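Peer 1: Sequence:
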Amino acid sequence: MSPTTMTLPIDTEIESWLAKNAAAQGIKAEQFAVEALRRLARRPSIDEVFADVQAEFEASGMTDEELGHIIEQAVTEVRAAKA
5 MSPTTMTLPI DTEIESWLAK NAAAQGIKAE QFAVEALRRL ARRPSIDEVF ADVQAEFEAS
65 GMTDEELGHI IEQAVTEVRA AKA
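If you use this note's numbering, the sequence shown corresponds to residues 5 to 87, in order.
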């Protein structure tokens, strides 16, 4: 696959962050940015991450309200344990 060039507007804060992190790795900011974009592009979406959980929830027949109640109860228990 041949590389494609893109021009992206970035603010000075991001430019500084890229330069700092690139320097820490001993590479150019452009290379660091490409590697960061590559890592981001390979990450699964939130839907992909939770696909199994969503399928199990739907198969359980539980309603959103029932799940909400279980979550509220768990939060209450955790807060009580911390108190």
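Derived from the structure by calculation, the hints contain no laboratory data. Don't take each hint at face value.
Only pairs whose alpha carbons sit at most 25 Å apart, straight line, appear in this in silico SDA-like list of lysine to any residue [claimed, not checked]:
| no. | residue 1 | residue 2 |
| --- | --- | --- |
| 1 | LYS24 | ARG43 |
| 2 | LYS32 | ASP51 |
| 3 | LYS32 | ILE14 |
| 4 | LYS32 | ILE50 |
| 5 | LYS32 | THR11 |
| 6 | LYS32 | GLU62 |
| 7 | LYS32 | LEU12 |
| 8 | LYS24 | GLU34 |
| 9 | LYS24 | ARG42 |
| 10 | LYS24 | VAL38 |
| 11 | LYS32 | PRO13 |
| 12 | LYS32 | SER49 |
| 13 | LYS24 | SER6 |
| 14 | LYS32 | LEU44 |
| 15 | LYS24 | GLU39 |
| 16 | LYS24 | PRO13 |
| 17 | LYS24 | MET5 |
Computed from a prediction, not measured in an experiment: that's the story for all the values here.
Peer 1: Each hint should be assessed against the structure and marked as holding or not.
Peer 2: Quick rundown of the hints versus the structure:
no. : hint          : verdict
1   : LYS24 - ARG43 : 18 Å, holds
2   : LYS32 - ASP51 : 34 Å, violated
3   : LYS32 - ILE14 : 16 Å, holds
4   : LYS32 - ILE50 : 31 Å, violated
5   : LYS32 - THR11 : 16 Å, holds
6   : LYS32 - GLU62 : 48 Å, violated
7   : LYS32 - LEU12 : 16 Å, holds
8   : LYS24 - GLU34 : 12 Å, holds
9   : LYS24 - ARG42 : 19 Å, holds
10  : LYS24 - VAL38 : 15 Å, holds
11  : LYS32 - PRO13 : 18 Å, holds
12  : LYS32 - SER49 : 28 Å, violated
13  : LYS24 - SER6  : 28 Å, violated
14  : LYS32 - LEU44 : 19 Å, holds
15  : LYS24 - GLU39 : 15 Å, holds
16  : LYS24 - PRO13 : 18 Å, holds
17  : LYS24 - MET5  : 29 Å, violated
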